[in-house]
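Q: Following the hints, complete the assembly by docking chain H with the ligands onto the known chain V.
Going down the list, the protein sequences come from chains V and H. Here the first sequence is numbered in my numbering, starting from 36 and rising by one per residue. Here the second sequence is numbered in my numbering, starting from 36 and rising by one per residue.
Source of the hints: derived by calculation from the structure; they are not laboratory data. It is possible that some hints are incorrect.
Any copy, or any two copies together, can satisfy a pair, since identical chains are not distinguished.
Unchecked claim - Restricting the straight-line Cα-Cα distance to at most 25 Å, the calculated cross-link-like pairs of lysine to any residue (SDA-like) are:
1) K262 <-> V286
2) K327 <-> S53
3) K50 <-> P84
4) K244 <-> K262
5) K262 <-> R313
6) K188 <-> F58
7) K188 <-> L88
8) K50 <-> G74
9) K188 <-> V243
10) K47 <-> D247
11) K134 <-> H246
12) K134 <-> G249
13) K211 <-> E311
14) K262 <-> P223
15) K112 <-> C137
16) K211 <-> C137
17) K40 <-> G358
18) K40 <-> S89
19) K188 <-> P388
20) K188 <-> S89
21) K244 <-> T140
22) K327 <-> Y307
23) K244 <-> W305
24) K327 <-> A317
25) K188 <-> A337
26) K244 <-> F228
27) K188 <-> P51
28) K155 <-> G326
Protein chains: 2
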Amino acid sequence: MLNIKITPATEKKAKPDSKHLGFGVFYTDNMLVIDHTEGIGWHDARIVPYQPLSIDPAAMVLHYAMESFEGLKAYRKPDGSVQLFRPDCNAERMINTNKRMCLPTLPVEDFVQAVKTLVKVEEDWVPSEPGTSLYIRPFVIATEPHLGVRTSKTHQFIIICSPVGAYYSTGINPVKIFVEDEYTRACPGGTGFTKCGGNYAASLISQVKAHDLGYEQTLWLDGVEHKYVEEVGSMNCFFKIDGTIYTAPCVGTVLPGVTRRSCIDLLKHWGYTVSEERLPIADVMKASEEGKLEEVFGTGTAAVISPVGELRFEDQVAYINNGEIGPVTHKLYDTLTGIQWGTLKDEMGWTVPVE
Amino acid sequence: MLNIKITPATEKKAKPDSKHLGFGVFYTDNMLVIDHTEGIGWHDARIVPYQPLSIDPAAMVLHYAMESFEGLKAYRKPDGSVQLFRPDCNAERMINTNKRMCLPTLPVEDFVQAVKTLVKVEEDWVPSEPGTSLYIRPFVIATEPHLGVRTSKTHQFIIICSPVGAYYSTGINPVKIFVEDEYTRACPGGTGFTKCGGNYAASLISQVKAHDLGYEQTLWLDGVEHKYVEEVGSMNCFFKIDGTIYTAPCVGTVLPGVTRRSCIDLLKHWGYTVSEERLPIADVMKASEEGKLEEVFGTGTAAVISPVGELRFEDQVAYINNGEIGPVTHKLYDTLTGIQWGTLKDEMGWTVPVE
Ligand SMILES: Cc1ncc(COP(=O)(O)O)c(C=O)c1O
Ligand SMILES: Cc1ncc(COP(=O)(O)O)c(C=O)c1O
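Extracted from the complex, chain V is given alone in its bound form:
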């Protein structure tokens, strides 16, 4: 159990218009900070006013990217109460990330307690417009000033919160995806399964390229053979081909998404066959030609479920389901958002109230 000292902001910011929140643009009044010191462990958990960090220019996070993060949301239910979606999964994933990155790990209970305590303090920042939520960003940074490459002796665990809008302001529109065949995101033995900062910095160049070509996001192929589909920018990716639903296995190079796991569970529960075998991009394009590529969608905390309407790989373009959201994609979207915003009964036991 953390002993969290709460000294919130005395002056509160004006709340932004919840019809125009965007993503990660506004921040709440307070933040949570826990210090970590080698030989002492985690100490001085506190909630303080949201404020700039004072960071030594030699702090290791600024040079060697010794940092990791998580992302989850708090949702406003119809009865006005607030709930989280599987925060323990984020806590566990951060432990896995931090072990790989040689960063200190926070126990699952402490992570969840920290999230709940901050969200409780910021409760009036959880918006209630349809599709809006409070995005929660826990992260860890190495703060020791030291220029030799080695593990850091001091770290901070910080949580900030941002009220965010519906990802698709005009309803769920299928996105256009560019299959990256030059740059790579992850390879075996690397950090692909973690939410370390470095994975995202390395991916920007492909995002820029995709945008320049008129596509919204990048679909990554495996780093060794550039042959198998892995995941989209910040989403896992599912393909329904001839009745079977495929998604890349989480074997080191793919981020194990909480939404991905939840979709697999729901799909199996509904009787679908879900394959986590590696899927060659060539098979996807062939299925499209043969009229067997029924649905493609991305899954992630930000957009929940995002239908894919177009997939470009080299000179081939696959148009999926006439640019409309498919029935399985739709059912997943309705079910997950229903559970998350509390309009559907949570039969899976995934939600956690913030009391």
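A: What follows is chain H with the ligands alone, placed relative to chain V:
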């Protein structure tokens, strides 16, 4: 030409004992900062007292590792003057890094001017004990507070300096190197050729493993086949086998070291055959068994030239030159350090005075 406003610290720190400097432990009185804003470019170049940075907790550098760095040194010559070693090479490498990482680039002349101007201000921090120097750390960070993954609209280019000791306090002792066969550092299409922070965060786990096994550093193999030697933690690596000198090609996965390039030039100048073909680790171990692995050494700004005395790959151990520094390694060390500290004539035109 940058217009650098100089407002140095009025109170100076006490200088550390130059016999016990370590690496990256002490920082000088001042630092250089240049801001970058989308649509404006670089502006407000200034030298100010070394001080903590005020960074928004949502700044992109802390989440997505949008950061890059360089490392070079200023050397005190016997006549008391100060010089740099090939700073234009660092400037060019940072441009290549930043293009890959979608960070703004600083023109070569501005980079070199910034380094020279700061070193001039900090001139009395350049130590003069044998083997000591002033380590210079330019770096770029993305400062915009934004949680969506995209390029940042604001950045800072910063230079800090640290007086550093002789890398080997007891003379040049051969190091023991562990060949990493599980984790990977880089793969084609990734960021291996850049000095982005993420490469170093990802490498820590192998460093910890090597230390636990009694080795000082990790030798990385290629990320695809785990077959070819690439580079050591923060050094490029050379192998002299049966008269020929091999070093990994810089084709995307290996950092193009300034020391590496300089060694290749010197070796060729001296008439050695240098091969930049890919070298399988199996060939290195076989050469060792056959008594043909004559010398192995690492090259990098920090240690200049570092002889390798022992190489462990899986269950095999190669002992090199009876744990003694070999003649080619020695000649390179003497020549490079002679040029850098100004005790030898710089026939290659590599040094740049700080006036
Ligand atoms: C690379 C990557 N893949 C997949 C996901 C989806 O994961 P989750 O469903 O837990 O949000 C994310 C976002 O967190 C991500 O950054
Ligand atoms: C990964 C890596 N390889 C090699 C080197 C050697 O490069 P240089 O000789 O430019 O210092 C460094 C250090 O800069 C490095 O970080």
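Q: Could you run down the list of hints and mark each one as holding or not?
A: Hint check results:
1. For the identical chains of this complex, K262 and V286 are neighbours both inside a copy (16 Å) and across copies (21 Å), given an alpha-carbon limit of 25 Å.
2. In this assembly of identical chains, K327 and S53 lie within 25 Å of each other by CA distance neither inside one copy nor across copies; the values are 41 Å within and 71 Å between.
3. For the homomeric pair K50 and P84, the shortest alpha-carbon distance inside one copy (15 Å) is at most 25 Å, but the shortest distance between copies (38 Å) is not.
4. In this assembly of identical chains, the alpha carbons of K244 and K262 lie at most 25 Å apart only when taken from the same copy (20 Å versus 31 Å across copies).
5. Both within a single protomer and between protomers do K262 and R313 lie at most 25 Å apart by alpha-carbon distance, with minima of 9 Å and 24 Å respectively.
6. For a Cα distance limit of 25 Å, the shortest separation of K188 from F58 across copies, 16 Å, qualifies, whereas the shortest one inside one copy, 33 Å, does not.
7. When the C-alpha separation of K188 and L88 is checked against a cutoff of 25 Å, the pair qualifies both within a copy, at 18 Å, and between copies, at 19 Å.
8. Proximity of K50 and G74 under a CA criterion of 25 Å is satisfied in neither setting, with 41 Å inside one chain copy and 29 Å between copies.
9. For the homomeric pair K188 and V243, the shortest alpha-carbon distance between copies (14 Å) is at most 25 Å, but the shortest distance inside one copy (36 Å) is not.
10. When the C-alpha separation of K47 and D247 is checked against a cutoff of 25 Å, the pair qualifies neither within a copy, at 40 Å, nor between copies, at 50 Å.
11. In this homomeric assembly, K134 and H246 come within 25 Å of each other (Cα to Cα) only across copies, at 17 Å, whereas the closest approach inside a single copy is 34 Å.
12. Proximity of K134 and G249 under a CA criterion of 25 Å is satisfied inter-copy only: 21 Å between copies versus 38 Å inside one chain copy.
13. In this assembly of identical chains, K211 and E311 lie within 25 Å of each other by CA distance solely inside one copy; the values are 23 Å within and 42 Å between copies.
14. Taking the closest pair of Cα atoms, K262 and P223 come within 25 Å of each other both inside a single copy (14 Å) and across two copies (14 Å).
15. For a Cα distance limit of 25 Å, the shortest separation of K112 from C137 qualifies neither inside one copy, at 38 Å, nor across copies, at 40 Å.
16. Taking identical chains as interchangeable, the C-alpha atoms of K211 and C137 lie at most 25 Å apart only when they sit on different chains, with a minimum of 22 Å there against 37 Å within one chain.
17. In this homomeric assembly, K40 and G358 never come within 25 Å of each other (Cα to Cα): the closest approach is 51 Å inside a single copy and 56 Å across copies.
18. Taking identical chains as interchangeable, the C-alpha atoms of K40 and S89 lie at most 25 Å apart whether they share a chain (20 Å) or sit on different chains (23 Å).
19. When the C-alpha separation of K188 and P388 is checked against a cutoff of 25 Å, the pair qualifies neither within a copy, at 35 Å, nor between copies, at 37 Å.
20. When the C-alpha separation of K188 and S89 is checked against a cutoff of 25 Å, the pair qualifies both within a copy, at 17 Å, and between copies, at 21 Å.
21. When the C-alpha separation of K244 and T140 is checked against a cutoff of 25 Å, the pair qualifies only between copies, where the shortest distance is 18 Å, while the shortest distance within a copy is 35 Å.
22. For a Cα distance limit of 25 Å, the shortest separation of K327 from Y307 inside one copy, 16 Å, qualifies, whereas the shortest one across copies, 60 Å, does not.
23. Proximity of K244 and W305 under a CA criterion of 25 Å is satisfied in neither setting, with 38 Å inside one chain copy and 45 Å between copies.
24. Only within a single protomer do K327 and A317 lie at most 25 Å apart by alpha-carbon distance; the minimum there is 13 Å, versus 46 Å between protomers.
25. For a Cα distance limit of 25 Å, the shortest separation of K188 from A337 across copies, 22 Å, qualifies, whereas the shortest one inside one copy, 33 Å, does not.
26. Proximity of K244 to F228 under the C-alpha cut-off of 25 Å is found in both arrangements, the shortest distances being 23 Å within a copy and 20 Å between copies.
27. For a Cα distance limit of 25 Å, the shortest separation of K188 from P51 across copies, 22 Å, qualifies, whereas the shortest one inside one copy, 39 Å, does not.
28. Proximity of K155 to G326 under the C-alpha cut-off of 25 Å is found in neither arrangement, the shortest distances being 50 Å within a copy and 69 Å between copies.
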